[in-house]
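If you read the protein sequences in the order shown, they are chains A and B. Counting from 1, position 82 in the first sequence corresponds to residue 82 in the working numbering; the numbering is continuous, with no gaps. Counting from 1, position 242 in the second sequence corresponds to residue 242 in the working numbering; the numbering is continuous, with no gaps.
Since the hints were derived computationally from the structure, they do not count as laboratory data.
Beta-carbon label-pair distances, calculated as ranges:
1. A/159 x B/99: 22 to 28 Å
2. B/49 x A/20: 29 to 35 Å
3. A/172 x B/139: 37 to 43 Å
Pulled a few chain B residues facing chain A out of the computed Cβ check, cut under 8 Å:
4. 58
5. 63
6. 64
7. 65
8. 90
9. 92
10. 94
11. 98
12. 100
13. 109
14. 110
15. 114
16. 115
17. 155
Ideal placement from N, C-alpha and C gives every residue a C-beta, glycine not left out.
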Amino acid sequence: MILPVERALASVTARQILARRGALALAVFGLLPVAIAAVIRRTGDAALTTAIELNTMIILPVILPIVALVIGTGVFGAEIDDGTALYVLSKPVARWRIVLTRVLVAAAVTAILTAPAALLVFPVAGALGRASVGMAFAAAVAAGALLYSAVFVALSLLTRRALVAGLVYVVVWEGIIASQAPGARYLSVIQFVLTLADSLAELPETVFDASITPTAAAVMSAVFGLGAVLYAIRRLRAFEVGEAG
Amino acid sequence: MSVVPAPATAPGAPALELRGASRWYGNVVAVNDVSFSLAAGITGLLGPNGAGKSTLLHMMAGFLAPSAGSVLVEGRPSWRNPEAYRALGLVPEREAVQPFLTAREFVRFNAVMQGVADPGGATERALDEVDLRGAADRKIGTFSKGMRQRAKVAGALVHDPRILLLDEPFNGMDPGQRLHMMELLRAQADAGRTVLISSHILEELDRLADGVLVLVSGRLAASGHFREIRRLMTDRPHTFVLRSSDDRRLAAALFAHPSVAGAELSAAGLTVRTEDRSAFAHALPKVARAMDVTLREVRPSDESLESVFSYLVQR
Numbered sequence: 001m002i003l004p005v006e007r008a009l010a011s012v013t014a015r016q017i018l019a020r021r022g023a024l025a026l027a028v029f030g031l032l033p034v035a036i037a038a039v040i041r042r043t044g045d046a047a048l049t050t051a052i053e054l055n056t057m058i059i060l061p062v063i064l065p066i067v068a069l070v071i072g073t074g075v076f077g078a079e080i081d082d083g084t085a086l087y088v089l090s091k092p093v094a095r096w097r098i099v100l101t102r103v104l105v106a107a108a109v110t111a112i113l114t115a116p117a118a119l120l121v122f123p124v125a126g127a128l129g130r131a132s133v134g135m136a137f138a139a140a141v142a143a144g145a146l147l148y149s150a151v152f153v154a155l156s157l158l159t160r161r162a163l164v165a166g167l168v169y170v171v172v173w174e175g176i177i178a179s180q181a182p183g184a185r186y187l188s189v190i191q192f193v194l195t196l197a198d199s200l201a202e203l204p205e206t207v208f209d210a211s212i213t214p215t216a217a218a219v220m221s222a223v224f225g226l227g228a229v230l231y232a233i234r235r236l237r238a239f240e241v242g243e244a245g
Numbered sequence: 001m002s003v004v005p006a007p008a009t010a011p012g013a014p015a016l017e018l019r020g021a022s023r024w025y026g027n028v029v030a031v032n033d034v035s036f037s038l039a040a041g042i043t044g045l046l047g048p049n050g051a052g053k054s055t056l057l058h059m060m061a062g063f064l065a066p067s068a069g070s071v072l073v074e075g076r077p078s079w080r081n082p083e084a085y086r087a088l089g090l091v092p093e094r095e096a097v098q099p100f101l102t103a104r105e106f107v108r109f110n111a112v113m114q115g116v117a118d119p120g121g122a123t124e125r126a127l128d129e130v131d132l133r134g135a136a137d138r139k140i141g142t143f144s145k146g147m148r149q150r151a152k153v154a155g156a157l158v159h160d161p162r163i164l165l166l167d168e169p170f171n172g173m174d175p176g177q178r179l180h181m182m183e184l185l186r187a188q189a190d191a192g193r194t195v196l197i198s199s200h201i202l203e204e205l206d207r208l209a210d211g212v213l214v215l216v217s218g219r220l221a222a223s224g225h226f227r228e229i230r231r232l233m234t235d236r237p238h239t240f241v242l243r244s245s246d247d248r249r250l251a252a253a254l255f256a257h258p259s260v261a262g263a264e265l266s267a268a269g270l271t272v273r274t275e276d277r278s279a280f281a282h283a284l285p286k287v288a289r290a291m292d293v294t295l296r297e298v299r300p301s302d303e304s305l306e307s308v309f310s311y312l313v314q315r
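Given these sequences and hints, build the entire structure.
Below you can see the structure in the form of structure tokens.
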């Protein structure tokens, strides 16, 4: 059997995420845009515009970061809170293997909960035959899930209030500051994801145009992703588990 | 520096060793300059709640960095050293175990994460050892406290560690479960393992621990053989509060008895201090009868564990 440690850890981590209260609510939240698409069903170009707007205004900037935040901060956060972290950390397993496995599991669960909607809103809104655009958005959501998961897993090892800190980042920084100050977009994960979606979907600029260049988005994604993972590994190597409370 | 006497079998580095280990949080000192080393056998880590037992165990388990000094597992620092976990089995005090796992899944998870060669076989052996085979496919979330504790021990034993650290393992157990756990730990020690058990109750370690370390306010207050520590704790000066038909007469008569070190009259009754508890216990009824005084109440006034421990610190 290959990678038995990673497989065991991944399976327990995934079950830990799914066993949490609110897992079902997250799944419903992830499919919310599909319900909206069904309600405002259109035809022709209007349908395509609707589906794209559901992606660029709701799925990518709201649903994806929120789901990634709850799951990413939970993989270490929840078990540090309830004390079960000891059972994972008290093993002769290099800390980078634990961090990488958990980031990948958090990303996979996030992608499974959010990417289907990115694709489904196209046919449901009435934009039939535009599956390639839907696939482009779904792929961008999956990539975004990986990037956000790395950032939020790292955040959960930086502070016990990772959920609040992450919410401030998503709402205040990405939502408000970055929309006013173009420079701040280079430090907004969502802008990297939008740029990737833009590059993959190959849509006319009048329909959807991301605000930073693909090169900048690629470089900054690498900086954020690698930086977050390296930080998380460093933190976990010297992670103190205190007494109860 | 004090070394707990235990049969020294392993050559070279002791299983566990603390050298001047301290740990503080800001201005609060949780563990203060503690040194000892342990070899095979059962050692009790005794102290009142808040004495620093958990901090000490967390340091040994590599979950807290010593602020000063060193904490060594088989000669190597436990902090920032995941390889140390090959030698360590941990049973934490907190009850939480992933509740969605069955006991078998939990033990197997520990086996795989430890890199055990035959995780399936090791899992069954560990479940057998704690007598949990019958409930192995039930979710741990449905377990009683005692069963959960056994599942935790099975998870800690599955990789056959040379050292077992248990934080308050008897908390919440009924007498039957406790006896079973004691037998289990005794067997581990007889197999040559180093077992360290923390407890805030002296009696829990009775007939179990070979050596005892007493921790009070973060300091190692006493250490030695269990019997020695128990004698120190029971032979200290005792104080009794008596109420009788004539406290003053009784006080005068008791003062003459060699077992009595002091007596004081107050509204609450007659407080008597003795250096020799059993001699006093024998003498009291005889003296009372000789004086024709009726004893109404005899109660020890300072039997709280904290006073026992603080006596040990003052020595």
